[in-house]
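Heads up: the sequence lines are chains H and D, in that order.
Using the UniProt record's numbering, read the first sequence as starting at 1 and increasing by one per residue.
Using the UniProt record's numbering, read the second sequence as starting at 1 and increasing by one per residue.
Every clue listed holds true.
Calculated lysine to any residue pairs in the SDA-like style (CA-CA distance at most 25 Å, straight line):
no.: 1; chain 1: D; residue 1: 169; chain 2: H; residue 2: 201
no.: 2; chain 1: D; residue 1: 169; chain 2: H; residue 2: 161
no.: 3; chain 1: D; residue 1: 169; chain 2: H; residue 2: 206
no.: 4; chain 1: H; residue 1: 111; chain 2: H; residue 2: 166
Just a sample of chain D residues kept apart from chain H, beta carbon distances all over 10 Å, derived:
no.: 5; residue: 27
no.: 6; residue: 96
no.: 7; residue: 166
no.: 8; residue: 178
no.: 9; residue: 183
no.: 10; residue: 196
no.: 11; residue: 206
Here's a subset of chain H near chain D, in silico, CB distances under 7 Å, partners left out:
no.: 12; residue: 138
no.: 13; residue: 139
no.: 14; residue: 211
no.: 15; residue: 212
In short, the hints are calculated from the structure, not lab data.
Nothing here was measured: the structure is a model prediction, and the numbers come from that model.
Cβ atoms here follow ideal geometry from the backbone N, Cα and C, with glycine treated the same way.
Number of protein chains: 2
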Amino acid sequence: MFLYQLLSFFFVVSKKEEKPKYDLSLYKRGDLLEVPRTLFTHFGIYLGDDRVAHLIPDILPAITKNKSAIAKMVTNNRLILGAITKEASVRVDSVADFAYGSEILINHMDKVCAQPPLDGDEVARRAEKLLGSVTYSLLWYNCEHYVMYCRYGMAISYQTYQFCTTIRKIVFSRLSAFLTALCGMCTVLYVGCVTPLTFLLVLLVSFTIWMAA
Amino acid sequence: MFLYQLLSFFFVVSKKEEKPKYDLSLYKRGDLLEVPRTLFTHFGIYLGDDRVAHLIPDILPAITKNKSAIAKMVTNNRLILGAITKEASVRVDSVADFAYGSEILINHMDKVCAQPPLDGDEVARRAEKLLGSVTYSLLWYNCEHYVMYCRYGMAISYQTYQFCTTIRKIVFSRLSAFLTALCGMCTVLYVGCVTPLTFLLVLLVSFTIWMAA
Numbered sequence: 001m002f003l004y005q006l007l008s009f010f011f012v013v014s015k016k017e018e019k020p021k022y023d024l025s026l027y028k029r030g031d032l033l034e035v036p037r038t039l040f041t042h043f044g045i046y047l048g049d050d051r052v053a054h055l056i057p058d059i060l061p062a063i064t065k066n067k068s069a070i071a072k073m074v075t076n077n078r079l080i081l082g083a084i085t086k087e088a089s090v091r092v093d094s095v096a097d098f099a100y101g102s103e104i105l106i107n108h109m110d111k112v113c114a115q116p117p118l119d120g121d122e123v124a125r126r127a128e129k130l131l132g133s134v135t136y137s138l139l140w141y142n143c144e145h146y147v148m149y150c151r152y153g154m155a156i157s158y159q160t161y162q163f164c165t166t167i168r169k170i171v172f173s174r175l176s177a178f179l180t181a182l183c184g185m186c187t188v189l190y191v192g193c194v195t196p197l198t199f200l201l202v203l204l205v206s207f208t209i210w211m212a213a
Numbered sequence: 001m002f003l004y005q006l007l008s009f010f011f012v013v014s015k016k017e018e019k020p021k022y023d024l025s026l027y028k029r030g031d032l033l034e035v036p037r038t039l040f041t042h043f044g045i046y047l048g049d050d051r052v053a054h055l056i057p058d059i060l061p062a063i064t065k066n067k068s069a070i071a072k073m074v075t076n077n078r079l080i081l082g083a084i085t086k087e088a089s090v091r092v093d094s095v096a097d098f099a100y101g102s103e104i105l106i107n108h109m110d111k112v113c114a115q116p117p118l119d120g121d122e123v124a125r126r127a128e129k130l131l132g133s134v135t136y137s138l139l140w141y142n143c144e145h146y147v148m149y150c151r152y153g154m155a156i157s158y159q160t161y162q163f164c165t166t167i168r169k170i171v172f173s174r175l176s177a178f179l180t181a182l183c184g185m186c187t188v189l190y191v192g193c194v195t196p197l198t199f200l201l202v203l204l205v206s207f208t209i210w211m212a213a
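Next up, chain H with everything else stripped away, as it sits in the complex (with noise of 0.2 Å):
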């Protein structure tokens, strides 16, 4: 499966050339939208008249001027390189460029939200108050904190939590404090660095671990 997204991310771009109709009967001004995009999932909310703001990193502003280039539908190598530079904005959209081909889930998180949703027009309201350039964090600010905001009043990714568990169930485990102590002291022992700082190094970062577990 995993693959399967891994190579379709690459291929994706020829893919969406043809852009399938959308129904825009089925939105409402406040929705939250949702759409698979490269590896993550991708969030904007419906403003009306075939208009979704959300948020995405773009890195096109960042290099040119030229406002009818950055207005067409954001590529994945934008994005990517958006991502990395943490160039990013929340911009306005037709629900066809947002979707970049996607089945799009309505309102799929209020099953999953604990949080009931703020009245549509509001959140809305919200979601044009944002627009413009932001600082953009895959983990920490990206287009899932900005929805949550505007429909939940909380600025939480459940893709970043997921995320954070995942490796801290990996990283810090009593395992991995093991394995951290025996690779250390394999190396400083394949190195031939064998001094007290070393053994206390590794010493250190494995109890940290242990620690942390």
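The hints should help you fit chain D onto chain H, whose structure is shown.
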């Protein structure tokens, strides 16, 4: 302030010899009691009749079966060794033994927590139900997780949250990514191990920190 806490932490055992009196009429069944202990804040749930249920690390049950020795007040040495070995229990102590000589804050968390507290009897029932030995984790299951579950129904820890936020800000920052790249390259040059693999490794670690910032 931190230095003072550090010093008082080492001299705390002798200081705690003279127990202050506690006015038991101030506490109701289900109250959340809070005291400073070592470098952290310690929490417990008042059960009534001078009894406090609290989760506390303790090495003693792992090395002796002597019940009267175990039942005595948990000293800081027992506590620290328990935290390191991850041995802990939810146990009942008198208010004086729980407080360990410090002043007690009552239901201070009610002002901090967005969730309203459960009924006092329900809080105490939850606290009693969890009595017994537990696997301790300084960050992921400590005395605060226990009382927060009992009083608010959510096993969370503000101390862990604050600690993680601080670590995140220090470790996962743009500056930290630059410094990692710089120090990594200096180390590689100093050790005289300039290969494409070591260069790639330094680059990968720095890039990971940059993306996580």
